[in-house]
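Novice: If you read the sequences in order, they're chains A and B.
Numbering-wise (the numbering used here), the first sequence opens with residue 1 and increments by one.
Numbering-wise (the numbering used here), the second sequence opens with residue 1 and increments by one.
Think of the hints as simulated: they come from the structure by calculation, not from any bench.
Backbone N, C-alpha and C fix where the C-beta goes; we use that ideal spot for every residue, glycine too.
Don't take every hint at face value.
Below 16 Å or equal to it, Euclidean Cα-Cα: the simulated EDC-like pairs (lysine to aspartate or glutamate) are [stated by the list, open to error]: (1) A/Lys356 - B/Glu91; (2) B/Lys28 - A/Asp40; (3) A/Lys356 - B/Asp60; (4) A/Lys67 - A/Glu29; (5) B/Lys28 - A/Glu312; (6) A/Lys307 - A/Asp272; (7) A/Lys307 - A/Asp345; (8) B/Lys94 - A/Asp345.
Cβ pair distances, simulated, as ranges [to be verified]: (9) A/Leu327 - B/Thr64: 52 to 62 Å; (10) A/Gln384 - B/Gly54: 17 to 27 Å; (11) A/Arg167 - B/Glu25: 27 to 37 Å; (12) B/Pro112 - A/Glu355: 54 to 64 Å; (13) A/Leu215 - B/Val26: 19 to 29 Å; (14) A/Leu327 - B/Glu106: 43 to 53 Å.
For the chain B half of the interface with chain A, some residues (derived, Cβ under 7 Å), not all of them [to be verified]: (15) Met34; (16) Asn45; (17) Ser46; (18) Gly47; (19) Ala48.
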Amino acid sequence: MHQDQLLPHLYRTEYRKIIAVLARLFGFEHIQIAEDIASDTFLMASETWGKNKLPDNPAAWLYTVAKNKAKDHLKHNAIFTKKVALHVKTELSQQHEIEIDLSEENINDSQLQMMFAICQPIIPTEAQIGLALRILCGFGIDEIADAFLSNKETINKRLFRAKEKLREHNVKIEFPDANEINKRLETVLLTLYLLFNEGYYSISGNTNLRKDLCLEAMRLNHLLIENKATDLPAVNALFSLMCFHASRFDARIDKDGEMIIYDEQDTSLWNDELISRGTNYLIRASRGEELTRYHLEAAIAFWHTQKADTIEKWESILQLYNKLLILEYSPMAALNRTYALAKADGKEAAIIEAEKLTQLTDSHLYHSLLGYLYTGVDNEMALQHLHRSLKLAKTIEEKNRIRKNIKALG
Amino acid sequence: MNEFLLIFRRDAGFDAQLTPAQMQEVTKPWQDWMGGLAAQNKLANSGARLAVDGKVVKSDGVITNGPYVEVKEALGGFIIIRAASLEEAAELSKGCPILSTGGNVEVRQIVPMQ
């Protein structure tokens, strides 16, 4: 790897490890100190490595510097050390000096515990995702701003407020009790699900960044699977869902960064390896009786990896959407169910059901769907709905797509 | 939006005669109908199907075996839906698959607890 790519790469892979280990050692209330030490370490690397020869093992170099900085901090801040010493007492065992353990095992444990610390319903979901990106994934503030189509200042404020709130609630970086784990996991899984979706469905034009968000969500999800206590059916189901979606990464975006809709994708670009991984994890998710929305969504995604356009495929998808909606309503599921109904039972049947979704008449997607359903049945109605959709659509990409459909009709 | 309890009554003998394959066929229209209500965000509670057998406990302490009404009018299940009015709730009930096998739907508004 070229030297000017090395540091950003290491920042992405090592920053989060250093911060998780240090924050766990110091306690969440001192996370700022952990962040400062991690940032200083990388600052020092950029200054030193530019002038001198690269160290033989750059990651180990970073760990050593971070450790020394942490120890210095503890030495020079007697009051802080006293507080932290109380906090880390149990981990100190018989040692006189605080040991900073940057082994892979401790890094993984620290990151898992940090995941539970951040994913708390007391802070807004988008703040949870932001903190996860910053602390667990080592994303820069500018990247997070880009992903949320926001600016650095807003993101900084959002993360600062979230950390304050977690501090106020005396949040601990620790593994939840066995009897609490399911409830706590719900929040963690929802955050990972939304983190993945942020990347998968985001309207940000930065394709690489979006893919990174998805891969990070998958990495964190897999950490939960590797840990025995959190290797639960819902966790496997969510991972399976992500694999199936990710299998279409290369097919769903063209060389100009434009979205290609499912029907028009080159299926030879679908990633077979990810599809078979998804299938394996879906089987692992089927242990026990639990049936979560992630199970249903993974099963829907599984059917979408089947290339043949059969009645069985769409009838299965329809029934899964029925179950999903009965479990939990969402506008997207309502629209997708209607699309599956058209594929399974024909457009006329789907139009009757679509016309009942009066709660969605302000959505451009709803009118795009009706435009599709009326095409070939009543083209005049199709045009009306597409024009309505064009009026409601917000992004240029969406407007272009709708214009293309209008042109195809006229 | 108000909530309404939909009570399904049908001939209790009907379910008992079904083979597993026929049962599957009966399930699909129910899933489609409830999925349709849920897609309109009008399904408040997916309720439950009830077993045919039951008991009735009376005020004098006597327990009798069910069914307790005409076998043809036995309670089969219930769901709770959201609707603006009793009229809308009744209109939404028209799609219920129980109607195609001779059953009926009783629609009752739920009175919120004070």
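Novice: Please name the hints from earlier in the document that this structure breaks, with their numbers sorted from lowest to highest.
Specialist: Numbers 2, 3, 4, 7, 8, 9, 10, 11, 12, 13, 14, 16, 18 and 19, in rising order.
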